[in-house]
Amino acid sequence: MRLKLLGAGGGRLGSLAGLGRSGAGSLSLPGCLLYTRTGAAPHLSHDTLREVRGVPGVAHIALPALAEIHDVLEEYKEGAAKFMGMPDAVLYCSLHDPVTPCPSGYNTNKTVSLWGSSGRMEMTPSKFMDIQRAIQPDWFQCISDGDTISGEAGRKRAKKSVDRSLSFLDMCLQLQEKSPELQGSVMFGAIEGGDILEERLRSARETAKRPVGGFLLDGFQGSAMAKETKLKLIASVTAELPEDKPRIIHGVGKPDEVLECIERGVDIFESFFPFQVTERGCALVFSYSYHPDPEATVLTQNGTQHLEKNGAQEDQEEVSKADPEMTPFEICLKDKKYHDDFGPVLEGCSCYCCQRHTRAYVHHLLVTNELLAGVLLMMHNFQHYFGFFSAIQEALRDRKLDQLKELVFRQALQGPADATLRQ
Amino acid sequence: MAAPAPVLRIAAECGRSRARAGELRLPHGTVPCPVFMPVGTRGTAKGLTAAQLAGLGCRICLGNTFHLGTRPGAELVRRSGGLHGFMDWPHNLLTDSGGFQMVSLLELAEVSEEGVQFQPPHGGERLLLSPERSMEIQNALGADIVMQLDDVVSSTTTGPRVEEAMERSVRWLDRCLASHSRPQQQLLFAITQGGLDPALRRRCIRAMTRRAVPGFAIGGLSGGEDKAQFWRTVKLSTELLPRDKPRYLMGVGYATDLVVCVALGCDMFDCVFPTRTARFGSALVPWGSLQLKNHQFAKDFRPIDADCGCPTCQRYSRAYLHALLRSNTAALHLLTLHNVAYQMKLMSSMRESILQRRFPDFVREFMATMYGGRGGPPAWAREALESPQFPGPPHSRPSPHCVFLYKFSLCFYFYRFQVF
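Those protein sequences? They're chains A and B, same order as listed.
Anchor point for the first sequence: position 320 equals 320 in the numbering used here, and the numbering is continuous, going up by one each time.
Anchor point for the second sequence: position 168 equals 168 in the numbering used here, and the numbering is continuous, going up by one each time.
Hints are computed from structural coordinates only; laboratory data are not their basis.
Wrong hints could be hidden among the right ones.
Stated by the list, open to error - Derived SDA-like pairs: lysine to any residue, alpha-carbon spacing no greater than 20 Å straight-line:
#1 299/B <-> 130/A
#2 299/B <-> 70/A
#3 293/B <-> 87/A
#4 299/B <-> 118/A
#5 299/B <-> 75/A
#6 293/B <-> 173/A
#7 299/B <-> 87/A
#8 336/A <-> 122/B
#9 82/A <-> 300/B
#10 77/A <-> 302/B
#11 336/A <-> 302/B
#12 337/A <-> 78/B
#13 336/A <-> 325/B
#14 334/A <-> 122/B
#15 336/A <-> 79/B
#16 82/A <-> 314/B
#17 77/A <-> 300/B
#18 334/A <-> 73/B
#19 299/B <-> 117/A
#20 299/B <-> 78/A
#21 82/A <-> 301/B
#22 82/A <-> 122/B
#23 293/B <-> 337/A
#24 337/A <-> 73/B
#25 336/A <-> 76/B
#26 299/B <-> 337/A
#27 82/A <-> 78/B
#28 334/A <-> 42/B
Produce the entire structure from the sequences given, and follow the hints as far as they go.
Laid out in structure tokens, this is it:
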């Protein structure tokens, strides 16, 4: 695995190359992973996923689903990627699923608890490595104690998370040396420490001393940590990390938060966010087209303002009626107002759903609980989200990250808009 | 007005059964037959995109008038460019009349001469689905083939109600014909009824064949009736229905039923079974079905069927599908893909064998694969296939009959050829 940085301002523009068994895999940075559930993109079969443009070169799978079929993988012998029908994929195995809540209070000095469809699984580092040997991932998160996000963790708990995670890391590195199946696998060290700066710095420095291939910023999931604290800690942590190794963060998915993390030295994100949007019957419609086209900008601005004045009140009411998790970056297609809207989900979007179908059709599928709703929305939401990361890379290249930030942050504040995507 | 071009073109007929192979010439393209039509109830083929369904070779599928008429409503579908536009489906569509759903789904559906009165399931005042209203909705939906509104009774019903329903269906056919506003773009098929009573069936077919309709359905079956009576009713119907028009046997979809009913002379079939069973984790195979949620498949690293070329079998194992079923709806779509592919392959194999004059061989192999280890095909199927066939025109003196015989237990067969 080789990390190459292109030295743009405001973020780490670059790429990872030489990934995977073939060594042909690559990932543009800053970038995201393809979120999968047990190895398949949610709702999507291989051929429907193929219709999505910009699918990232690294797939993300969470350990619990694989831990539950450990015995199957051991018998299969040829690794999880091949078992899951993606023999050429580059696979990253995280400890937890970003979408499954992890109840607090179960980790010990010797074990970490994971949650899967059959409930809680308690894992030692040794058992963890056994399973990784059967999975044979390209990248994997080392088992760590990230149980500091409930908001009740104090300094002592933060310190424990760092101590335990380092101890697990050392054990696992030793076990990896003795495992022929894992010689090609890159271990990512988890940086813990809750919301205590000292502990975060300690975790970063100590983890950086170990021969890990990359770093994972853990414990920033959820909403308990104050935003300023979160951003400050992220920046402080990445400042301690070597430039030439990638930094993944877990639990961050909203466009504004992604940009904030990129500015603070994070390279790679998950793509669970478009999945969550899909599950609530919503579609991502935020604009990331920051190109300064004066005429169009004026029109858009006027248009948006006009919409805001008349629609904001209504939209706010609808937002409160709709899913409380809904963000300003999406529209809820379950809403009655779309039942006879014959436009595409997002004007200008080139995805399968927007090219072939209308908002009215997707609305109908949602209202009648048809499975195809999830398929079409997932295709759109993934493509839109992957396009966002392309736009970020482009903005860094053009030194226009500030414009992109301004555009995204404006939308974060102004509520749902029926934006037009111009590319 | 010039006579419309015939819908059915027969390319080959099996001399030893009533099976025929050919194609249907429909407004949105040619469809090889015999054909199985997947059911896309609410304007969606159940988790498959339109592109996937077409990619499997499907050239005609079903939409349900009742469901679509309720939500999103005929007018909205019409404004979307009809059901074709709404679903983005470039090939053929068939809509049923809505009658069957109402009777089977609604507790308070009341049938009278006017039509079927019912309470919409999602609120609103009581509505009447009359033959005229059904045609109006189907005209708005714009399917290539539309079905008359029929008075459907369960196949297990007996007594005067059966005759009443049959007679009424004839009258409703006339009303549908009269109110059909797009006869050039949409083909209206009649639905023959009469329960399991041969006399009633005969009367119904005689009456309906007097009307100028391009195709006939055999309705009122596949509802839990005794299989012995089922096949006899199908056979009687195909003997009496005109040779040169398509025969659509509604609601039939199990593999064995399809094979037997093709042998009995049916051309078109529809059933929710293959797509529905997929969503329960069941994969159809030539020797039955695999319940992939069962623990026995957890470490079975083979594909569902090594001889199936579908995208699912090309890439995924039973063990993986077993695991995926727990966490990702993608598993349901992969199984739906496979089951539709299975049905398509079954029909095209039958068609090929009829064209190549070896349909009886196909049937023998099919039965051996499906029932080989289980003591042979069910009695009703054997009887149906062994029954004497009279491929001549209905009311004429029967020619020396041709016999299509199977002796499965003795593993040999004999047949006599008929010379016309």
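Problem set entry | Numbers of unmet hints, in rising order | 3, 6, 11, 13, 22, 23, 26 and 27
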